Structures are given as structure tokens and as C-alpha cells.
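Protein chains: 2
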Amino acid sequence: MLKTHLKNTKEYQPGLSIDCVIFGFDDNQLKVLLIKTGYNDSWSLPGGFISKDEDIDTAAVSVLHSRTGLKGIFLRQFNTFGAVKRNQDHFSSDALAHFGISPEEVEWYTSRFVTIGYYALVNFSRAIPQPDNSSETVQWIDHNEVPELILDHRVILDKALETLRTELNLMPIGYNLLPEKFTIPELQKLYETILGRTLDRRNFLRKIISIGILTKLDEKKSNVAHKAPNLYSFDKEKYEEVLKNGLTQGW
Amino acid sequence: MLKTHLKNTKEYQPGLSIDCVIFGFDDNQLKVLLIKTGYNDSWSLPGGFISKDEDIDTAAVSVLHSRTGLKGIFLRQFNTFGAVKRNQDHFSSDALAHFGISPEEVEWYTSRFVTIGYYALVNFSRAIPQPDNSSETVQWIDHNEVPELILDHRVILDKALETLRTELNLMPIGYNLLPEKFTIPELQKLYETILGRTLDRRNFLRKIISIGILTKLDEKKSNVAHKAPNLYSFDKEKYEEVLKNGLTQGW
DNA sequence: ACAAAAGTGTTTGGCGTACACCCATGA
DNA sequence: TCATGGGTGTACGCCAAACACTTTTGT
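Protein chains in written order, with this note's numbering: chain A, 1 to 251; chain B, 252 to 502.
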């Protein structure tokens, strides 16, 4: 969140920021895109500020785009975090001065911030982590192996995951997280990983098929150990419809 | 939201406000607490600003308390609204000047605002609508008969109701909306009103009883036409437990 | 006695859960 | 040929939905 590609701070909505929890799925793991800043070597969620002439949703899209190169992605606001002390004592005036930041901007960075949390589901293979500068690291990290995060980002991350779990019962997911062609076991692994528990293979198949959002392809996955699983794709049209109307029954 | 019991605007978090959708239940109607300001005779949601040294949740509690006199109530953040043009052109500089507001404060009122939406469930009979001043009207209005509201307050209200409907499936409600003693038909009416559809009496009874949060009292409602219904109260302890753990099945 | 609302029990169907067998593939 | 994982079908049980009759009370 430190000065990077920033405009003059006056062009931003003061005291308000955006933090994104970006989920991806790879290697049967639910991963989160995290950033290690050169500033103090600590990990954080990708975030940004809100231009005064920009909707907050648009600002969130910008953050996502600038970090992954992706557009038109599933992105959802889930909570706003506004405890007074959530960012107290994060930036010391001295350190900021050391970076050559003006007193005016120091006030900006050290003032109280409320942050709006968004979570995104993105296609891991298409996303290209983009550091702002050379001193920054952008990396996918397994959600079970997230290191200590700055501020209340751990709380934000947990809340995002909790929200995702709840919303899993209200809408279909997978379209945004999986490649175009995928197998049922892969989809099941995704659900299991998010929910944190195992599901019965046969029941999962029946249920996911009954939703009517999958198209069975006349193609099998190749180069795999054991029996080759069938490939499926999402029926985008029906998928969107169910997304809008919601599921009647959860997991 | 106009200058009333305000401190100096500098003590508030700039560009950020709170709006509360306060629900009450009376006369078999779901009602919303609305405010008509003396400023321009239009209706709005009760709202307020956030002190720089105050958590946003605390600020929401303050708004609720100042409008209803109630404390310790069910209050929940549901969404943050931040379209750029949501409050454009609401206060004209001229009008504000006319009210004797300083140029500095005019800038405050006409600048871009992001608002955090909370919804509350309150006991109608205990709440005492409290106008800020004599030119203000605070009134309970049936949720089906809400007049035109300022800004995007209609959108906020709709979103609150939508959220309430969804969360009805995840948690018990009623404790905050009904008097201490109530009948099953009353509770059912509450659910029906929120959901906007009728429910089967017998199935409702079975389901609500099976949750295990009701205590059947040895007392019947008096002075009613027809057969006197039994009175119930909530088992607060079990109610809280279910609130925390969530329901497994919805309506 | 009649109307209106409250209280109670039963049946049925669908879905979620549990479970067993066969098939395909790589080692 | 064996281990591993994929694909398919069935039986059971519970709960939600649909539904009818009796009871109480005011008029």
C-alpha cells in the first residue's frame, strides 16, 4: 500500500482503501495472492486507494487488474473493516520520512483508514502476478500456509473465506477458478478444499450434474495415472442463470 | 444528515458515513424507521458520521441509539455503497450557504461520500423515535409503503431487506423484533412478512419448535377474537447458541 | 349455532447419505 | 497383476410439503 504507482494523494478518497482477497486454484490447493513489500518485508493483501472520481467497485476491479492482468472476473464485496486501531502504528513517521515522503503524505499514510474488503475468484493459469516494482514480491500461497500478515489482513482473509464458504451454498462456483476444461474430481477437490472437508464422490456427481450447468465433453483427460477421467466444461448460459437465481440447496 | 448535533466536521472521518435500516414489527407489518428532514422535506434513512476515534460498528450503534433510545440490539453491517454519483448534487452550495454553513463545511457536505449500510432489528414497542430537532420527523413506515427516499437510500433499503431474507435461512430471528411474550401465529406472520409469502401453519410450528429456542408458557393470550393462542417466549441461552452456530436448514 | 382462528397428526415423495462393484490405466 | 483412482447404481431414512379434522372463543 506504500507509494508506488500512486497519484498525488489528494486525488484519492481520504481514509478509505480497498483490500482484495484473490483466490486461485492450482495443484488441488486453494491459493491466495499475497504481496511482500520491500518496505518492511511483511506480507499483505493486494490493496489500493479509491480515486475521488471512481466507484468503489471500479477501484476494486483496478486493483485486481493491476495485480493479475485479469478483467471481467468474479469480484464481490464482502465486508468493510473500520476499527480505529486497525492501522495504528503501522507506518512510523520516521520510516516514511526516510523514504523521502513529504510531511503532507506522511499524514495521509499515518491517518486512520477504513478498508473495504473484496474477494475474487480467478483462473490461476491465466493470472500473471504483477509486482509494482522490483522490491516487491507477488506470490500465490496456499491458504493453509499463509504467513503472518500486516494489520488486520489475517482477519480480512478469514472473513473472505468464511463468506466464500457461505456463498458456496447459494451459488455455483468453479467457472472462475478452473480452466475451461476440467474433470469432476477436480471440481470436487475445489469444493472440498474450500469447505475444508471431504465429500462423497458419487453424491457429489449426482448433485453437481442435477444443477444442470455442466456440459460433458466427448474427451478424456490424457497423460494421467490410472483411469482417465472425463472432461467437462461449464454451460455459461445456464451457469449465469443459476448464479442469478441462486441455488436452492447447499453442501 | 444535515448539521444537527454535529461536532466540528474535522473530528469526523471524511467522506464516510453510516446509514441504518432499522426494522421493527408491529400490527403484523414489517416497518422501517425513516426520517423526514426539515431541510427539503424528503425522506431518508437515519444516518450519521464516524468520529475519527470511533470504530465504524460503534458509530452504527450510536446512530441506532440516538434514534431509538435502544442499546444492545441486533445490528449488522451488510454492504458499503460507493458509487461516485450517489450523493452528487444532493446539497446545493447555495442552499447550504443559506443555512449559514461555513464554506469549509459546505465542502464537507458536497464532497463525495461512501456510506456503510447497517441493518437493525428492534423491538417496536420499546423503541422511541427521537427527532434531532423540531423540524424533523421520525416515523415508522410499513416497508411496503415507503415513499421516495433521498440519494440511493431506496437501493440501500432494498439491499438490507434482501440480506435479511437471506440471513433468515442462516439464523433465527424474532428475539429482537417481538415482545417478550408472543404467539406462534405472530412469529409466523413475522416470517411471512419478511419473506413475502405465506407458510403452512403446521409445518411452521413443527420446524420452529424443533429448533429448540422456544419456551411454551402456561399462559394464553387474552382478549382476542376466536380461540386464544398460547404464549411463548424465547429461551435466550439456546437462542444465542443457535445464532452463533447457525441453522442447518432454511425457509 | 356459526364463523374464524388455533391446535394436532398422518401420508407421501424427494433428496441427502451411505455404501459396493466394475473399469481403465500406469507402474 | 496390482494399486489407484474413476465411473455407475441402489437402498434407506429423514425431513419438508401437502393436507383434514377437532377445539376454542366471540358474536
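If you're looking for bench data, these hints aren't it; they were derived computationally from the structure. Being a predicted model, the structure only gives us computed values, none of them experimental. The reader is advised that the hints may include incorrect statements.
To be verified - Cut-off 30 angstroms, straight-line C-alpha distance, at most; resulting in silico cross-link-like pairs (BS3-like, lysine-lysine):
1. A:K85 to B:K261
2. A:K221 to A:K36
3. B:K495 to A:K207
4. A:K159 to A:K227
5. B:K410 to A:K159
6. A:K244 to B:K440
7. B:K440 to A:K159
8. B:K495 to A:K159
9. B:K336 to B:K432
10. A:K244 to A:K207
11. A:K10 to A:K36
12. B:K495 to B:K458
13. A:K71 to B:K336
14. B:K322 to B:K303
15. B:K478 to B:K322
16. B:K458 to A:K207
17. A:K52 to B:K495
18. B:K472 to A:K244
19. A:K244 to B:K303
20. A:K227 to A:K52
21. A:K244 to A:K227
22. B:K410 to A:K52
23. B:K336 to B:K303
24. A:K227 to A:K189
25. B:K261 to A:K52
26. B:K336 to A:K10
27. A:K227 to B:K261
28. B:K495 to A:K85
29. A:K236 to A:K216
30. A:K220 to A:K159
31. A:K10 to B:K303
32. B:K440 to B:K410
33. B:K322 to B:K410
34. A:K159 to B:K472
35. A:K216 to A:K238
36. B:K458 to A:K85
37. A:K10 to B:K261
Quick rundown of the hints versus the structure:
no.: 1; hint: A:K85 to B:K261; in the structure: holds (19 angstroms)
no.: 2; hint: A:K221 to A:K36; in the structure: violated (36 angstroms)
no.: 3; hint: B:K495 to A:K207; in the structure: holds (28 angstroms)
no.: 4; hint: A:K159 to A:K227; in the structure: violated (38 angstroms)
no.: 5; hint: B:K410 to A:K159; in the structure: holds (20 angstroms)
no.: 6; hint: A:K244 to B:K440; in the structure: holds (28 angstroms)
no.: 7; hint: B:K440 to A:K159; in the structure: violated (33 angstroms)
no.: 8; hint: B:K495 to A:K159; in the structure: holds (15 angstroms)
no.: 9; hint: B:K336 to B:K432; in the structure: violated (46 angstroms)
no.: 10; hint: A:K244 to A:K207; in the structure: holds (19 angstroms)
no.: 11; hint: A:K10 to A:K36; in the structure: holds (26 angstroms)
no.: 12; hint: B:K495 to B:K458; in the structure: holds (19 angstroms)
no.: 13; hint: A:K71 to B:K336; in the structure: holds (23 angstroms)
no.: 14; hint: B:K322 to B:K303; in the structure: holds (22 angstroms)
no.: 15; hint: B:K478 to B:K322; in the structure: violated (36 angstroms)
no.: 16; hint: B:K458 to A:K207; in the structure: holds (25 angstroms)
no.: 17; hint: A:K52 to B:K495; in the structure: violated (39 angstroms)
no.: 18; hint: B:K472 to A:K244; in the structure: violated (43 angstroms)
no.: 19; hint: A:K244 to B:K303; in the structure: violated (39 angstroms)
no.: 20; hint: A:K227 to A:K52; in the structure: violated (56 angstroms)
no.: 21; hint: A:K244 to A:K227; in the structure: violated (36 angstroms)
no.: 22; hint: B:K410 to A:K52; in the structure: holds (24 angstroms)
no.: 23; hint: B:K336 to B:K303; in the structure: holds (24 angstroms)
no.: 24; hint: A:K227 to A:K189; in the structure: holds (17 angstroms)
no.: 25; hint: B:K261 to A:K52; in the structure: holds (19 angstroms)
no.: 26; hint: B:K336 to A:K10; in the structure: holds (19 angstroms)
no.: 27; hint: A:K227 to B:K261; in the structure: violated (68 angstroms)
no.: 28; hint: B:K495 to A:K85; in the structure: holds (26 angstroms)
no.: 29; hint: A:K236 to A:K216; in the structure: holds (13 angstroms)
no.: 30; hint: A:K220 to A:K159; in the structure: violated (37 angstroms)
no.: 31; hint: A:K10 to B:K303; in the structure: holds (19 angstroms)
no.: 32; hint: B:K440 to B:K410; in the structure: holds (21 angstroms)
no.: 33; hint: B:K322 to B:K410; in the structure: holds (24 angstroms)
no.: 34; hint: A:K159 to B:K472; in the structure: violated (44 angstroms)
no.: 35; hint: A:K216 to A:K238; in the structure: holds (14 angstroms)
no.: 36; hint: B:K458 to A:K85; in the structure: violated (43 angstroms)
no.: 37; hint: A:K10 to B:K261; in the structure: holds (17 angstroms)
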